[in-house]
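As a plain string of letters, each chain reads:
Protein chains: 2
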Amino acid sequence: MKKESTKIGFIGTGVMGNPMASHILKEGYELYVYNRTSAKTQSLVASGAHACDSPGSVAEMCDIIFAIVGFPKDVETVFLGSNGIVEKAKPGSIIVDMTTSTPDLAKKIASVAIKKGLHSLDAPVSGGDVGAKSGMLSIMVGGKKEIFNRVLPLFELMGSNVVYQGSAGSGQHTKMANQIGIASSMLAMCESLTYAKAAGLDQKTVLKSISSGAAGSWSLTNLAPRILRDDYEPGFFVRHFIKDMQIAIDSSEAMGIPIPGLKVAKAKFDQIADQGLDNKGTQAVIKAYE
Amino acid sequence: MKKESTKIGFIGTGVMGNPMASHILKEGYELYVYNRTSAKTQSLVASGAHACDSPGSVAEMCDIIFAIVGFPKDVETVFLGSNGIVEKAKPGSIIVDMTTSTPDLAKKIASVAIKKGLHSLDAPVSGGDVGAKSGMLSIMVGGKKEIFNRVLPLFELMGSNVVYQGSAGSGQHTKMANQIGIASSMLAMCESLTYAKAAGLDQKTVLKSISSGAAGSWSLTNLAPRILRDDYEPGFFVRHFIKDMQIAIDSSEAMGIPIPGLKVAKAKFDQIADQGLDNKGTQAVIKAYE
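Order-wise, the sequence lines are chains U and C.
All residue numbers for the first sequence refer to the working numbering, where the first residue is 1 and numbers rise by one.
All residue numbers for the second sequence refer to the working numbering, where the first residue is 1 and numbers rise by one.
Among the clues, some could well be false.
Which copy is meant is left open, because identical chains are indistinguishable; a pair holds if it fits in one copy or across any two.
[Stated by the list, open to error] Calculated lysine-lysine pairs in the BS3-like style (CA-CA distance at most 27 Å, straight line): (1) K133 <-> K208; (2) K144 <-> K204; (3) K145 <-> K204; (4) K208 <-> K107; (5) K243 <-> K40.
Because the hints were derived from the structure by calculation, they are not lab data.
Could you build the full structure based on these sequences and the hints that come with them?
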């Protein structure tokens, strides 16, 4: 892929998309950007990116178009809506959704795209704004293997753990497996901390005993210390995690598999959202235990 | 503490106790041992330990007496029963229960011991037979701090993460916080793997994407690969983990704290125990999802 002749589009330049797009720009690619709130493209434009006024006007200029937006309905609008990516992209272009969205929508975009002579990938990420800034995201990719191979050099600018997972929708399914893993791990952390406190133990000293052993988890290492210093800033927003868990529940129920831990976790997060904590970080779920 | 003049007792020389006692023996202490099945003391006796015919006959010879047995009822027998440790130990001796048992029993032993002029510690461990062999256990200790300090050089022969947690019962409470953490982490692992399989993904490839990120846990790193190769050997026995979860549930309910994740996990483990898998490793809980 020649940087000089490959035009890259990036739609959604918020807390995740902005640093992700900046890695592509820094590498020397010609970059076209769009964001619903146009102010969020300014830093990229100041560094040489071209601002566009719609997803479609990005798409018609570019060879490879990435998007990372909010909810599945936003994905649908950006990709399949009027003046959207699929309508305007040139035949042969590659379109890549990096939003965490539904496996079914990823399959739908893939099937619509192929009829228009486009190639699509679903490539959701994990690693948060910290991973986006450092180019250390985990990127889970579904779609055709040869298309994955063509985009891989760009994925590697954004992520340090880029894994091809299978056909269209497999990236989203993998992300759901990831979110399901997070959900009950957070129950584990909350119940462990709650027990320790109720038993009159010093929670920080308990973490010394348990964090590095069989109870150890990313949550216990990274989120429990934030809870102990009453830091509920996001990290990862409660409202986004609730969205992800709902997709995972719907998808699990459609497949007929049991997810009792996930359901308990979702109920605990719903409880803190009802308390007005949906713009806090996911560690705020401890409040459902107080 | 002079090795030449300090006599150490060790009661319960099974899969955990045997290697733990061997570290003490190798360091040059005079060691007295007892096990219900006497054959399990043979390797220690061959290395210079003295075999005794009851917990009480160990206790009357020793200055510091450790025990690691099976269930709380065994702890009660060994410490508080006829010809047991408390009945026979010399005033001033230190008695240490390293079994995972109930916080209430730890407090009871402490209060009975003090009336007999004995000092007690509760010091359950985690890290399994591998940690016991390598002297890399996590040891969580409750009791008086000055007694902890006196036993610390011996704990450090058996463990690499020895932490004083507070008054009598605090070691057991910390172990419960640990087991609660494990319980829902195992739900997370099972539901994540089950989802991946149902979605038609390659589970091993999914682990590449998710093990090192926010869904990461000791279980996902250490137990999920065993599940993928159909290896259900213990590790940590299902029946022992069920015992621990029951203690944690009883203790949580006595304190009036919510533990919905723990209860779901316990139900899943009960289900596989009913299927006859109680002598398998805890990773066999995936069978409750098949």
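Broken hints, by number: Those not satisfied: there are none.
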